[in-house]
Amino acid sequence: MVAYVNTETLPSLPPPKGLQGPAAWMRQNLFSNWINGTITVVLVIGILAALIPFVNWAFIKADWVGTSRDDCTSGGACWVFVYVHFKLFMLGLYPEAETWRALLVGGILVLTLAGLMIKGVPLKKYIQIFALFFFPIVAYVLLSGGYFGLPHVETNFWGGLLLTLVIAIVGIVAAFPLGILLALGRRSSMPIVKAICVVFIEVWRGVPLITVLFMSSVMLPLFLPEGMEIDKLLRALVGITLFQAAYLAEVVRSGLQAIPKGQTEAANALGLTYWQGMYKVILPQALKIVIPGIVNSFIALFKDTSLVLIIGLFDLLATIQGAFSNPKWLGYAIEGYLFAALVYWIFCFGMSRYSQHVERSLKTTH
Amino acid sequence: MTDPNLSATPQTLSTVPSKPSFWNDPQKRALVFQVLLVIGIGILLWFIFSNTLHNLEKRGIRTGFDFLSRPAGFGISQTLIPYTEASTFGRTFFVGLLNTLLVAGLGIIFATILGFAVGIARLSTNWLISRIALVFIETIRNIPPLLQILFWYRAILPLLPGPKDSMSLAELFYLHKRGLTIPAPLTEPAFVWTLWAVLGALVLAFLIARWAKYRRESTGQQFPVFWTVLVVIIGLPTLVFFLTGSPLNWDIPALRGFNFQGGLTVIPELTALLLALSIYTAAFIAEIVRSGIQSVYKGQTEAASALGLRPNRTLQLVVIPQAMRVIIPQLTSQYLNLTKNTSLGVAIGYPDLVNVFAGTTLNQTGQAVEIIFMTMLVYLVISLVISMFMNWYNKRMALVER
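Just so you know, the protein sequences line up as chains A and B, in that order. Residue numbers for the first sequence follow my numbering, beginning at 1 and rising by one. Residue numbers for the second sequence follow my numbering, beginning at 1001 and rising by one.
Derived from the structure by calculation, the hints contain no laboratory data. A quick note: this is a predicted structure, and the numbers were derived from the prediction, not measured. From the three backbone atoms N, C-alpha and C, an ideal C-beta is built for every residue, glycine too. Treat each hint with caution, since some may be false.
[Stated by the list, open to error] Under the rule of at most 27 Å between Cα atoms (straight-line distance), these lysine-lysine pairs were calculated in the DSS-like manner:
{"hint": "1", "chain 1": "B", "residue 1": "1395", "chain 2": "A", "residue 2": "194"}
{"hint": "2", "chain 1": "A", "residue 1": "280", "chain 2": "A", "residue 2": "363"}
{"hint": "3", "chain 1": "B", "residue 1": "1298", "chain 2": "B", "residue 2": "1395"}
{"hint": "4", "chain 1": "A", "residue 1": "194", "chain 2": "B", "residue 2": "1028"}
{"hint": "5", "chain 1": "B", "residue 1": "1298", "chain 2": "A", "residue 2": "363"}
{"hint": "6", "chain 1": "A", "residue 1": "261", "chain 2": "B", "residue 2": "1395"}
{"hint": "7", "chain 1": "A", "residue 1": "125", "chain 2": "A", "residue 2": "328"}
{"hint": "8", "chain 1": "A", "residue 1": "328", "chain 2": "B", "residue 2": "1177"}
{"hint": "9", "chain 1": "A", "residue 1": "194", "chain 2": "A", "residue 2": "261"}
{"hint": "10", "chain 1": "B", "residue 1": "1028", "chain 2": "A", "residue 2": "280"}
{"hint": "11", "chain 1": "A", "residue 1": "232", "chain 2": "B", "residue 2": "1058"}
{"hint": "12", "chain 1": "A", "residue 1": "288", "chain 2": "A", "residue 2": "328"}
{"hint": "13", "chain 1": "A", "residue 1": "261", "chain 2": "A", "residue 2": "363"}
{"hint": "14", "chain 1": "B", "residue 1": "1028", "chain 2": "A", "residue 2": "261"}
{"hint": "15", "chain 1": "A", "residue 1": "87", "chain 2": "A", "residue 2": "232"}
{"hint": "16", "chain 1": "A", "residue 1": "328", "chain 2": "A", "residue 2": "87"}
[What the hints assert, rightly or not] Ranges of calculated distance between the beta carbons of each label pair, as one might list FRET restraints:
{"hint": "17", "chain 1": "B", "residue 1": "1029", "chain 2": "A", "residue 2": "258", "range": "54 to 64 Å"}
{"hint": "18", "chain 1": "A", "residue 1": "346", "chain 2": "B", "residue 2": "1349", "range": "24 to 34 Å"}
{"hint": "19", "chain 1": "B", "residue 1": "1228", "chain 2": "A", "residue 2": "260", "range": "34 to 44 Å"}
{"hint": "20", "chain 1": "B", "residue 1": "1165", "chain 2": "A", "residue 2": "349", "range": "36 to 46 Å"}
{"hint": "21", "chain 1": "B", "residue 1": "1233", "chain 2": "A", "residue 2": "42", "range": "30 to 40 Å"}
{"hint": "22", "chain 1": "B", "residue 1": "1158", "chain 2": "A", "residue 2": "110", "range": "31 to 41 Å"}
{"hint": "23", "chain 1": "A", "residue 1": "19", "chain 2": "B", "residue 2": "1165", "range": "52 to 62 Å"}
{"hint": "24", "chain 1": "A", "residue 1": "346", "chain 2": "B", "residue 2": "1249", "range": "49 to 59 Å"}
Start from the sequences, fold in the hints, and give me the full structure.
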């Protein structure tokens, strides 16, 4: 009997053909069968047919800088419109001489947010305290003025992106404590407290924001004693805060529900009172879980701030609309809306990416 | 020898626990706290109420709902029920409400179709399709709905040609600046029988489905429910329609001078609002559909094919029913959002509830409290109805755990 025993190592085979490289990737993902292949070809043609004229209009044939509509000669998009009005879109009618104040607030905001979001920044606790309690005061004093020799700037001069950000940030910061209280109230064992919180939350969540804004601009002056006037911006802020608090309450409640009951019981067993237990044990854990939820509701709020144009405040969208309704600039609606869309998109997309990042980094289970 | 400690009655421990002081008894404390809260809220409400009454009196505004029977005196560009300037404010309310419900209903249909299409495209094995769906979702979701409505209404629709040189399809449908003109149905009295036939067909279809399910569960025999129901729902009304002598004509629009005569013109506000809201909501629905389908474990599909089910039966019997459990609750909340977002139509002048009632009517009568209250109540009722449906559905569909 003859046995064949290979005494040498066989040379390694070449890799199977057509599993690697861009050609194989295309075969698998774009042309896996003839239907997919046809769809791919049709889509590519469709995309090119739509994209080439758009790119041509928006970039290649576009005019970028200039001083008036006469500089738009090439027939493409007239970005001169945005270029000329850029300051208006960012700050509204904020006085020229005081522009530095708005920019300074913006700078502090960016630094604070960077300090909060970037990992490994020291003294994080102090940055948090600054962001929640001192930043609003600093920002208000700088923007509104009237103290430290800064000239007073009426809120009807605030506008553009500045106003959008003021509404969004005040909305979320002011709604936060109220939202937490409502969430705790909704989970309370006291029936009356619970009922009041449920009714409050469900009523605000059941109505559209625009009716809330109508209510705050029309009815709030009726609710207050005679002679007490509050300005338009503040009225809108009150409405938005109450509305947002109801949504935040539901977000916080979802976090509270995720904390095992044992945590509350342990806190009780240690002799902590209700508020001590909440403050030291439950809320730190619950709020950490709901950071993505809070960011998402902030995104929704940021998009909703555009509604204030209906009650006559000049936010980003309203200033842009105002600019292209000006007879000198008539007919640049598309450029204006595209610019607005881009600004909103950058903010919202950025925040949603951040929220997804936090969600991933918080996920400690497998 | 007995232990004196065991036999002796303890002197220091009393059998009755000492009474906690009033403030340390959680129950009594809770009671006091709640009473104080109620008093506090009561004072706040009374403060608001008395201020409001005082302010209204000073401005000379009468309170009450009398204004609902006064003539409105303004026209509305789109009315689903007969309405003239002489109609009452009460009628204005219903015109606005119906216009809101019209956008909401049509928007829900379009958003669902588009959303499911994009959501399934997102899961396509074709890389290009799934990328396009992703870009669509991420672009649309991150732009405020109000901006999208204004974009369609003020930037895109004005680009359409005027009525004179409108784009037409088969001389029946005309798209132009002032809207979309379509043939209008003209019904004769006998048409009502066709409507009854539709209703009858639906009831019959429901009964057939019930019977088929009962038979399948008791005998295991399959019945082609889908095809039978399709034939019944289409066939019965068609049969009745022709038996009663086709009591339906079309009013074909025709261009006279600068405008159209006859036909039905869909106002551009409705078109813009529908386009924007359907697309915006579809982006959210697409994500819901994607996550719903992905939430069904792969093992389920594998088990189904191991049992010998063909791929489309697997989808129909195994994947979709389980995905629906995840999809439906989120879908309903999107429908609710869409309904609430129809109120943004006020920005472009679509005559919805907020526009004609909380806008024009409020400006004319000044009765802010009653009008805002009624408007909010309408939205509250809609959301309560939808959330009641959601709870009912959740209860029905919840996994029965052992």
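The hints, checked one at a time:
For the hint linking residue 1395 of chain B to residue 194 of chain A, the alpha-carbon distance of about 23 Å falls within 27 Å, and the restraint holds. A hinted pair counts as satisfied when its Cα atoms are at most 27 Å apart, and residue 280 of chain A with residue 363 of chain A qualifies at roughly 22 Å. Simply put, residue 1298 of chain B and residue 1395 of chain B have alpha-carbon atoms about 25 Å apart, close enough for the 27 Å limit, and the pair holds. Pair hint residue 194 of chain A plus residue 1028 of chain B holds up; C-alpha atoms about 17 Å apart against a cutoff of 27 Å.
With a C-alpha separation of about 22 Å, the suggested pairing of residue 1298 of chain B with residue 363 of chain A holds against the 27 Å cut-off. Between the alpha carbons of residue 261 of chain A and residue 1395 of chain B the distance comes to roughly 24 Å, so the proposed pair stays at or under 27 Å and holds. Restraint check for residue 125 of chain A and residue 328 of chain A: the C-alpha separation of about 51 Å exceeds 27 Å, so the hint is violated. With a C-alpha separation of about 23 Å, the suggested pairing of residue 328 of chain A with residue 1177 of chain B holds against the 27 Å cut-off.
Our distance criterion of 27 Å between C-alpha atoms is met by residue 194 of chain A and residue 261 of chain A, whose separation comes to about 19 Å. A hinted pair counts as satisfied when its Cα atoms are at most 27 Å apart, and residue 1028 of chain B with residue 280 of chain A qualifies at roughly 25 Å. For the hint pairing residue 232 of chain A with residue 1058 of chain B, the CA-to-CA distance comes to about 21 Å; that is within 27 Å, so the pair holds. Pair hint residue 288 of chain A plus residue 328 of chain A does not hold up; C-alpha atoms about 51 Å apart against a cutoff of 27 Å.
Straight-line distance between C-alpha atoms of residue 261 of chain A and residue 363 of chain A comes to about 20 Å, which keeps the hinted pair within the 27 Å bound. Between residue 1028 of chain B and residue 261 of chain A the alpha-carbon distance is near 24 Å, which keeps this suggested pair within the 27 Å criterion. A hinted pair counts as satisfied when its Cα atoms are at most 27 Å apart, and residue 87 of chain A with residue 232 of chain A qualifies at roughly 23 Å. Proximity of residue 328 of chain A to residue 87 of chain A is assessed by CA-CA distance (about 17 Å); at most 27 Å being required, the pair is judged to hold.
The supplied range of 54 to 64 Å is broken by residue 1029 of chain B and residue 258 of chain A, whose beta-carbon atoms lie about 28 Å from each other. Distance hint check: the CB atoms of residue 346 of chain A and residue 1349 of chain B are about 30 Å apart, consistent with the given range 24 to 34 Å. For the pair residue 1228 of chain B and residue 260 of chain A, the beta carbons lie near 52 Å from each other, so the given range of 34 to 44 Å is not met. For the hinted restraint 36 to 46 Å between residue 1165 of chain B and residue 349 of chain A, the CB-CB distance of approximately 40 Å keeps it satisfied.
Under the hint 30 to 40 Å, the C-beta atoms of residue 1233 of chain B and residue 42 of chain A, about 34 Å apart, fit the expected range. The beta-carbon spacing between residue 1158 of chain B and residue 110 of chain A, approximately 38 Å, falls within the hinted interval of 31 to 41 Å. At roughly 57 Å, the beta-carbon separation of residue 19 of chain A and residue 1165 of chain B lies within the given 52 to 62 Å, and the hint holds. A hinted range of 49 to 59 Å for the beta carbons of residue 346 of chain A and residue 1249 of chain B is consistent with their spacing of about 54 Å.
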